Amino acid sequence: DTEVTQTPKHLVMGMTNKKSLKCEQHMGHRAMYWYKQKAKKPPELMFVYSYEKLSINESVPSRFSPECPNSSLLNLHLHALQPEDSALYLCASSQGVRAGLDEQYFGPGTRLTVT
Amino acid sequence: GQNIDQPTEMTATEGAIVQINCTYQTSGFNGLFWYQQHAGEAPTFLSYNVLDGLEEKGRFSSFLSRSKGYSYLLLKELQMKDSASYLCAVRLPNRKLIWGLGTSLAVNP
Chain A
65 DTEVTQTPKH
75 LVMGMTNKKS
85 LKCEQHMGHR
95 AMYWYKQKAK
105 KPPELMFVYS
115 YEKLSINESV
125 PSRFSPECPN
135 SSLLNLHLHA
145 LQPEDSALYL
155 CASSQGVRAG
165 LDEQYFGPGT
175 RLTVT
Chain B
27 GQNIDQPTEM
37 TATEGAIVQI
47 NCTYQTSGFN
57 GLFWYQQHAG
67 EAPTFLSYNV
77 LDGLEEKGRF
87 SSFLSRSKGY
97 SYLLLKELQM
107 KDSASYLCAV
117 RLPNRKLIWG
127 LGTSLAVNP
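For the protein sequence lines, the chains are A and B, in the order given.
Sequential numbering from 65 applies to the first sequence in the numbering used here.
Sequential numbering from 27 applies to the second sequence in the numbering used here.
In case anyone wonders, no lab produced these hints; they're calculated from the structure.
Here the structure is a predicted model, which means the values were calculated and not measured.
Within a straight-line C-alpha distance of at most 30 Å, the following computed DSSO-like cross-link-like pairs (lysine-lysine) qualify:
#1 B:K83 <-> A:K104
#2 B:K122 <-> A:K86
#3 A:K105 <-> B:K122
#4 A:K83 <-> B:K122
#5 A:K117 <-> B:K122
#6 A:K105 <-> B:K102
#7 B:K122 <-> A:K104
#8 A:K105 <-> A:K82
#9 A:K104 <-> B:K107
Make a model of the complete structure from these sequences and hints.
Next up, the structure:
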């Protein structure tokens, strides 16, 4: 199983709503990532979890709150978002080894629209 | 700072060969990746180079020269389904990926 799954596929939310994005992988990977991607731009790293601990936070606003309940799951909690936060949110995972290939496998993404 | 340059767009003909170049200036280097991304879909891993030289994988090959800060992705026997964006990414020693803006490749019949 080389699949990373994300739910929901699409999400429309108002600026006062609270919602969560979910990501799951069953490849035994120990590193998981959240990216934000705007149209015609590369993915922009938000957070990295390594062995269920937050290892990188790319100065993301606190209205985005990540959570890693276990090694297979990654959540992104959303609260009081702005319209400019509308984007494709991608989850990725990798083995998390310190050397070697450690390529990232991406999920299909959640297309988020903030109204 | 970190900088990765790739051409914005390229066009090629079905059955031909195309080379997509990538140059980088980064504060460190722990490998270079190429990803393919079709419109509206997630990036998929194509190739990885950490040592100088050519890595071949079927119709796709990737080359790296660390001294020149240069890589290319070579696609042979182009097919219509190869129309996509191709992203070059450099991994830093802290494991973070720095991404280029991507090259949008259009394959014409």
